[in-house]
Structures are given as structure tokens and as C-alpha cells.
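Assemble chain B onto chain A, guided by the hints.
Protein chains: 2
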Amino acid sequence: MASGKELCEGVEWRIRVVDGSSEVLVPPTGLARKVWLRTKGLISGLGMKVRMFLKQAWDMGANDPRKVIHCIKVGLALTIVSLVYFMRPLYDGVGGNAMWAIMTVVVVFEPTVGATLYKCLNRVCATCLAGFLAVGVHWIASQSGDRFEPFVVGASIFILASIATFSRFIPSVKSKFDYGAMIFILTFSIVAISGYRVDKLFDLAHQRISTIIIGTSLCIFVIMMVCPIWSGQELHSLTVRKMDKLSDSLDGCVTQYFTNSNGEDDQKLQGYKCVLSSKASEESMANFARWEPSHGRFNFRHPWKQYLKIGASMRSCAYCIEALNSCINSENQAAESIKKHLSTSCLKVSSSSSSAIKELAESVKKMNKSPNMDLLVEEMNSAVEELHNDLKSLSHLLNPSTTAENQISATGLVPFMEIIPVVTLASILIEISARIEALVGSVEELVEESEMKDKIVAKEEKPEGTMKALQRV
Amino acid sequence: MASGKELCEGVEWRIRVVDGSSEVLVPPTGLARKVWLRTKGLISGLGMKVRMFLKQAWDMGANDPRKVIHCIKVGLALTIVSLVYFMRPLYDGVGGNAMWAIMTVVVVFEPTVGATLYKCLNRVCATCLAGFLAVGVHWIASQSGDRFEPFVVGASIFILASIATFSRFIPSVKSKFDYGAMIFILTFSIVAISGYRVDKLFDLAHQRISTIIIGTSLCIFVIMMVCPIWSGQELHSLTVRKMDKLSDSLDGCVTQYFTNSNGEDDQKLQGYKCVLSSKASEESMANFARWEPSHGRFNFRHPWKQYLKIGASMRSCAYCIEALNSCINSENQAAESIKKHLSTSCLKVSSSSSSAIKELAESVKKMNKSPNMDLLVEEMNSAVEELHNDLKSLSHLLNPSTTAENQISATGLVPFMEIIPVVTLASILIEISARIEALVGSVEELVEESEMKDKIVAKEEKPEGTMKALQRV
Numbered sequence: 058m059a060s061g062k063e064l065c066e067g068v069e070w071r072i073r074v075v076d077g078s079s080e081v082l083v084p085p086t087g088l089a090r091k092v093w094l095r096t097k098g099l100i101s102g103l104g105m106k107v108r109m110f111l112k113q114a115w116d117m118g119a120n121d122p123r124k125v126i127h128c129i130k131v132g133l134a135l136t137i138v139s140l141v142y143f144m145r146p147l148y149d150g151v152g153g154n155a156m157w158a159i160m161t162v163v164v165v166f167e168p169t170v171g172a173t174l175y176k177c178l179n180r181v182c183a184t185c186l187a188g189f190l191a192v193g194v195h196w197i198a199s200q201s202g203d204r205f206e207p208f209v210v211g212a213s214i215f216i217l218a219s220i221a222t223f224s225r226f227i228p229s230v231k232s233k234f235d236y237g238a239m240i241f242i243l244t245f246s247i248v249a250i251s252g253y254r255v256d257k258l259f260d261l262a263h264q265r266i267s268t269i270i271i272g273t274s275l276c277i278f279v280i281m282m283v284c285p286i287w288s289g290q291e292l293h294s295l296t297v298r299k300m301d302k303l304s305d306s307l308d309g310c311v312t313q314y315f316t317n318s319n320g321e322d323d324q325k326l327q328g329y330k331c332v333l334s335s336k337a338s339e340e341s342m343a344n345f346a347r348w349e350p351s352h353g354r355f356n357f358r359h360p361w362k363q364y365l366k367i368g369a370s371m372r373s374c375a376y377c378i379e380a381l382n383s384c385i386n387s388e389n390q391a392a393e394s395i396k397k398h399l400s401t402s403c404l405k406v407s408s409s410s411s412s413a414i415k416e417l418a419e420s421v422k423k424m425n426k427s428p429n430m431d432l433l434v435e436e437m438n439s440a441v442e443e444l445h446n447d448l449k450s451l452s453h454l455l456n457p458s459t460t461a462e463n464q465i466s467a468t469g470l471v472p473f474m475e476i477i478p479v480v481t482l483a484s485i486l487i488e489i490s491a492r493i494e495a496l497v498g499s500v501e502e503l504v505e506e507s508e509m510k511d512k513i514v515a516k517e518e519k520p521e522g523t524m525k526a527l528q529r530v
Numbered sequence: 058m059a060s061g062k063e064l065c066e067g068v069e070w071r072i073r074v075v076d077g078s079s080e081v082l083v084p085p086t087g088l089a090r091k092v093w094l095r096t097k098g099l100i101s102g103l104g105m106k107v108r109m110f111l112k113q114a115w116d117m118g119a120n121d122p123r124k125v126i127h128c129i130k131v132g133l134a135l136t137i138v139s140l141v142y143f144m145r146p147l148y149d150g151v152g153g154n155a156m157w158a159i160m161t162v163v164v165v166f167e168p169t170v171g172a173t174l175y176k177c178l179n180r181v182c183a184t185c186l187a188g189f190l191a192v193g194v195h196w197i198a199s200q201s202g203d204r205f206e207p208f209v210v211g212a213s214i215f216i217l218a219s220i221a222t223f224s225r226f227i228p229s230v231k232s233k234f235d236y237g238a239m240i241f242i243l244t245f246s247i248v249a250i251s252g253y254r255v256d257k258l259f260d261l262a263h264q265r266i267s268t269i270i271i272g273t274s275l276c277i278f279v280i281m282m283v284c285p286i287w288s289g290q291e292l293h294s295l296t297v298r299k300m301d302k303l304s305d306s307l308d309g310c311v312t313q314y315f316t317n318s319n320g321e322d323d324q325k326l327q328g329y330k331c332v333l334s335s336k337a338s339e340e341s342m343a344n345f346a347r348w349e350p351s352h353g354r355f356n357f358r359h360p361w362k363q364y365l366k367i368g369a370s371m372r373s374c375a376y377c378i379e380a381l382n383s384c385i386n387s388e389n390q391a392a393e394s395i396k397k398h399l400s401t402s403c404l405k406v407s408s409s410s411s412s413a414i415k416e417l418a419e420s421v422k423k424m425n426k427s428p429n430m431d432l433l434v435e436e437m438n439s440a441v442e443e444l445h446n447d448l449k450s451l452s453h454l455l456n457p458s459t460t461a462e463n464q465i466s467a468t469g470l471v472p473f474m475e476i477i478p479v480v481t482l483a484s485i486l487i488e489i490s491a492r493i494e495a496l497v498g499s500v501e502e503l504v505e506e507s508e509m510k511d512k513i514v515a516k517e518e519k520p521e522g523t524m525k526a527l528q529r530v
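Protein sequence lines correspond, in order, to chains A and B. Following the numbering used here, the numbering of the first sequence begins with 58 at its first residue and continues without gaps. Following the numbering used here, the numbering of the second sequence begins with 58 at its first residue and continues without gaps.
Bound-form chain A, shown alone (with noise of 0.2 Å):
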């Protein structure tokens, strides 16, 4: 296809030679062609756009399987919903119940298993919520007559629908009832204008409502049944991933400048820009953690909170990398002796700090409070003394106190300008050393919450235990 594909260009461009010439003589033939052949390019050009999608397609599906496996699971579920609606002669046409069931799957079925739940919850409770409601505005409506029956209605619906538009904006209300909130809109809306009797509306709100239960019923079973992902996990995993990557390019920075190696993987190096922005995704995620019930190592109240804090000091981090990289990038090159003077100093810095964060992420990955830390912590911040006491003695470099005849053409020395570079270097290395701390400090904070809420859990269940004991006795 390829092959044709240059053969019809090759004509086109023979023709556009000899456009002139031939033009007079056939002129429908050449429009015809050309309109032809334009046509045929727009197709191949298109055919060309459509594969590089597919190719993108393809790619992130191998990627990330999991995402291929969760549209299986929509499908799964809206095919089976739709199966029982379709086999069973349960609904009454289009509008009929099967619509609520298929709609409360669609629109419910989130990646994550906490997202869906959210939804769920959220969907079931505003339903039944706004349904009582607008039954009594609906009574009361009613009873006040043909004549102010719509005022009443038209006031309730613009006040309620104000109020609950308003209360998303509220970021408490936001990050939990969002959702609910739309949903409250919409059912309170349609069942205070229905114009059936107030015992009708009874009878089709207990079929409405159940249908939406045995949706959600459905997507919270495939969901968690089928390779679940939990939001939870996903935000734990990712909080590991990230201080690795932190970890990598901390120390692949310093080692590639003292070093002067270009062998280091430029992925590893630029691994620390998908902390930089990682706000949204994670309080996303720690949005929906908030809903799952325990899985793996989690409790239902796993401290959640705590990883957008541990996110947070990443990020501080994270910008004095950013700092750091274009110190090491800067057009002001150090000279040579200033770098081999600092350069143990600074990769002991940049190694320790590094080993660290690879600790940290260890201790947040088996959430247990590293034996190792203290002595890591101690270690770079005897690093940090160590590149303290070589930058003291840098001065000697620029002065050797004990032959000054001629500073600026003395052999040995070196212009203050290029001792520049190393000395910003250095002094954001120790500031990194610092976030570092701040990094522990969170980490060790999760990993008390969490081992302290896992006491109350054990707590909270031992009755529980001593019950069923007692019952096996």
C-alpha cells in the first residue's frame, strides 16, 4: 500500500510539471484528475492519520493492560444487564426500567473500584433522598390547587436546584457528594413534575429504585470480582514509584555532572517532572481511597490524607531537583579543580540522599518503620557536614593564604566566577538534604497513623473474634 501510495505522488507531481501545457487542451480530464487525485491524497493522508491513532491505541493498551481489562469489565457488566432486560420481559419499552439499569451501569463504572463505589453510593442515596422530597412537594403542590400547583412546584424545583448547584462548589461537599448532588438535581426535578398521583409515584419509585440498586449491585460485584484496581493501591504504588524516580534522578543528576558521563539513561534522569505536577491525580485518588473497604494491607481508614502530605514533600523536593538540573545544565561551566575538589563531598551527599528516599520508599511499600532511617539520615547529614567543611575550604583554592603575590595570574588558582556553578550546586544539594528530612518526617508520620489505625481495627474486631468463639463453643 505504501509503495502505491508514492506512485500516485509521483504522478501528481509529473502532472503539476506539465499543468501548464496540458491544462488547454483537456480540461475536464485534468480536473477530473486533479480532483481525483486530491481526493486520493485527503483518503491516504486520512488512512495515514487513522493507523498512527490505532498505533497509539495499541501501544497504550500493551502498555497498560489493565486498562484493556477494564473495558472488557464495562462490557462485561452492560452486556449482562442488558441480557436480563432483553431475555426477561421486565421492562415496557425504552423508557421502562431496563433504562435505569443500563444507565446506572454506564454512567457508574469508573477504573477504580473506589471511584465506582463513590458513584454508587452516591447515585443510591441521592435517589432515594431526592424521591422523598419531591413527594412531599409534590403532596403539597397538590393540595394547594390547579392554580398555584405550578408555582409551587416551579419554586421548589429553582430553589433546591440552586441550593444543591451551589452546595458542589463547597470543596468539602465537592471532593465527597458531587455526584450525589447532580443526581439529587435530577431525580427531585423529574419525579416533583411527574403528574402521577402521590401512591403511583410510591409504586414507581420502589421499581426505580431497586432497578438502580441491582446496577450498581452488578457494577460493585464486576468491579470488585474482576481484577480490581483499587484507588488506593494505585496511590500507594504510585507514591512508591515516584520517590524511586525522585531517588534515580537525584543521584543521576549529580553523578553525570561530577562524573562528566553522558552514558545516564535520559528517562532516568528526567524521572523527577512527573512529581512536579501530580496534584490533581493524587488527591483524586486519595478522593476515592477514602471509599473502598479494606483490601491488601488497607484498612478502610487507612490515613489517606497522609500521601498528599508525602506527596506535598516530594514536590518541594522535586523543585530543587528542577533547580538543580539547570545549575547543571547553565552555560557558566565550573572549572575542573573546583569540581574534583567537591565532587566526593557531593556525590556522598547526592548517594546518601538518594539511598534515603529509596529507603523511604521501601518503609512506605512494606508501611513499616525502616530499622535503617536513623542511620541513613545520620549518614547524609554527615555527608552534608562533610560538603560544609569542603566548601570551607575552598577559599585555600581561590587564596592559598601562604603564597599570595599575584592572585589573578598565579597558576593553580581559580576566578571566582567559576567556582559559581559548584557552590550553587552544592548549596541545593544541602537544601534537598533538608526537604529530604521534611520527606521522613511525613513518611514516619503515615506509618504511625496507619500502624495505630490497624490497633484499633484489631481492636475493634477481637469482640467480634470472641463472639464467634464463643459460638463455636
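No lab work stands behind these hints: they were computed from the structure. Keep in mind that the hints are not guaranteed to be accurate.
You can't tell identical chains apart in this list, so a pair holds if it fits in one copy or across any two.
As the list claims (entries may be wrong) - In silico DSSO-like links for lysine-lysine, alpha-carbon gap of 27 Å or less:
| no. | residue 1 | residue 2 |
| --- | --- | --- |
| 1 | K510 | K336 |
| 2 | K362 | K330 |
| 3 | K336 | K233 |
| 4 | K422 | K397 |
| 5 | K397 | K366 |
| 6 | K336 | K231 |
| 7 | K449 | K516 |
| 8 | K415 | K106 |
| 9 | K124 | K336 |
| 10 | K112 | K231 |
| 11 | K396 | K91 |
| 12 | K362 | K336 |
| 13 | K233 | K405 |
Chain B only, in chain A's frame:
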């Protein structure tokens, strides 16, 4: 109420003190009172929380009245559509056509014009496309006999739902058609499993699509007529605001450091922080802005993507300001003499940088290339040059080459460690000025592209203009 609560708590305390002796005498009263007091405490605590929540909501509304206006708009649109269907007997119950119009309004109404248009267009197109496809599948299924019908329907739902769900993961689809893909799955499933004959389906589809169009038209009318909030305008003014904040932070930090004044507004100094994690919100705004027709000074194809580039440049400046801030707040304080030596040139760099950013903000605001920009950048560069020179001459302070007898104890000489913070600060300032130049580049690109688009639009509009003129003749 507050005094009453204090009284209660006082009573409770007294009871706890006499608990041991009085409990034996009047246990039921004590228990009842305890329960009552506990309940009262809970209720007053809840009341406190509710009051706090209402205060928060009130403040939010007072700070941004447009949010309140949006809520009123939602209420308005919903009341109109509800009353239309309530007063005219167009509907056949809760599940009828009214529902689709209401649902459309509830689901589609977003705070900004762009987001609403995106959802409206997606909804209408996806419904039409899915409807036609589903009717086709339905026809094929009904031709294949009773035995195979469920298989054909089930397989088609499974395959199309899976593919559409997968497409939602692809970034280019997600940014433009995420909502459409969901509506596609929904409509396709509902229509495909419907038990109607194909000719009746067309009827139904026609009704449904017309109600959806009524709903979307109403939404578009209300959102564009009543105090419209344009995503594009928002993105534009957000960009300008952020530039102002960056400039204030930069200038404020450096001034505070060198003049040792604490009078600077802390909020002003921390302004750069809102730039740090603005990527997600900027991207969604730019996505929605693409759907907006020309409004104010923005044409339909305004280069919104360029704002993302400007945002990235601003973030890279903000990362450096972050590092600068940490350097200012660091424990190692610089020697006063060194600070004095560099203060003039550092202040010059920071003030010229910040006025360059201010000018950029002006330039974006007015959407034309500022004539002073080149001059300001030159000024900034010459200030940087001056700072370079001052840095070079620093070595004299360290080691006055004329009288270098006993460097370490000589008065007026500064230990090397005490110059490090200022040197770091200076080199970060130099880096910031380099990043500001990149920012200047991206702003200039935006202005150029926008002027180019303006010209194209003017050209495209010209023939129409002559047509109109001809018609008038």
C-alpha cells in the same frame, strides 16, 4: 446558646466528680441525665459544625458572586424546562420525553460556556450516531431469528461498549469526546435492547432527539445570555493574574531579603505558589475554550494551546522562585558586608525581571506586542551583567590582594561560608532571568499567532462582507 452550652458542660463536670457517690443512690436519673447531656453536647457540636459550614459557604459566595449567579442560572433553566413540560401535557409519565429534556439540562449545564457547549455537542452527536447504529444492529438482530437475536445484540453491545470505553483512555479522544463516548454507550445499549419494531423506533428516536435538542438549546441560550462565563476569558485572565503574582513574589522576596524588612505582605510573597500546581486546571480550561465561539477579543480559533506553553514557562519560573525562597529562609545567614556588596545589583535584577513579567502580563492582557519589551529584556540582561561583575569582584572582599598578610583573622574579611547563601541567591536570580526570557518568547508567540489568526478571520469575513454589500445593492 453558647452560654447555655457552657453551663451544660459545667454541670456535666460536676456530675463526673460526684459520680462515685451519687451513682449508687440515683442511677436512673444519672444515666438519663448523662444521655441527655451527651445528646445535647452532640447536637450543639453539630450545630457548631453546621454554622461553620454555612459561614464557609457564605464567604465563598461573597468572594465569587459568579458562583451564585451560576446556581441561579441552573435553577432558572431547570424551572423553565420543568414548567414547560408540567403545564403542557406533552409527557407520558415520569419516563417520558420530559425526563430527557430535564436530564439534559441537569447533566449538561456547566459553569462555563465552553464546558456546556462541549457537553451539548457531544451529547447531541453521540446520541444521533449511537441511535442510527443501534437501529441498524436492531434490524440485523431481528432478521437473524429468535434464537440468534440475543447473541447479536449482546455481542454488539459488548464490542461497541468495550471499544468506546477504551477510546476514553486515549488522550486525544479524552480531551474532546470523553462525554460523547459515554453517551454513545448509553444510547446504543438502550436502543439496541429495546423491544420496539424498527419503524416505531424511528418515531421514538425522533422524539428523543428533539427533546435533547430542546434541552441543549435552552442550556446554551441561558448560559450565553445570562452573565456568561467564558473558559477562554477565564484562562486568559488567570494567565495575566498569575504573571502579576509571579512578579510580585519575585520582587517581594528579594527586596525583603536585602532590606531586612518584614513589612511585606506575606500573601503577596507566597503568590508564586498558585502557579506551581496549575497544570490540570489550565489544561481543562484550554480544552473547553476550544469549543467556544468568538467572544470579546477572542476569535473562534484563538491559539489556546499557546496558553499552556506560557503556563509551563511560568511554572518553570515559579520552581526557581521556590528555590530562591528556600535560600532566603535558610539557616546559613550571609555576612552583612557581602549582602551590601551585592544588594544593589541583585535588587536591580529582581526589579527589572519583575517589571519584565509585569510588562508581559500587560502584553497578554492587551494581546499585542509591547514596544517596551525588548528594552526591558535588555535592561534585565544588563542588570544580570552587572550582577556578574559584582560577583566577580566578590573575591576582593574575600581576599584583598593588596594587603594579604593574615587573611583569616583580618577585620573586614568574610569567611567563605558566609558568602555562599548570597552567591546561591544571585545565581538562582540569574537562572530566573534566563527563564523569563523563555517566557517572553512564548508570550510573543501567542501574540503573533493571535494576530495571524485575526488576519485570517478578517480575510475569511471579507467575502461575506462584500456579499452583504452586494445584496444591499
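Checked hints:
1. K510 <-> K336: within (25 Å within a copy, 34 Å between copies)
2. K362 <-> K330: Intra 23 Å, inter 20 Å, cutoff 27 Å: intra and inter.
3. K336 <-> K233: Classified as both; 18 Å inside a copy, 23 Å across copies.
4. K422 <-> K397: neither (37 Å within a copy, 49 Å between copies)
5. K397 <-> K366: neither (38 Å within a copy, 38 Å between copies)
6. K336 <-> K231: both (17 Å within a copy, 20 Å between copies)
7. K449 <-> K516: neither (56 Å within a copy, 67 Å between copies)
8. K415 <-> K106: neither (42 Å within a copy, 42 Å between copies)
9. K124 <-> K336: This pair counts as both: shortest intra-copy Cα distance 22 Å, inter-copy 24 Å.
10. K112 <-> K231: between (37 Å within a copy, 16 Å between copies)
11. K396 <-> K91: This pair counts as neither: shortest intra-copy Cα distance 66 Å, inter-copy 73 Å.
12. K362 <-> K336: both (12 Å within a copy, 21 Å between copies)
13. K233 <-> K405: neither (46 Å within a copy, 49 Å between copies)
In the structure shown, a violation is registered for the earlier hints numbered 4, 5, 7, 8, 11, 13, in ascending order.
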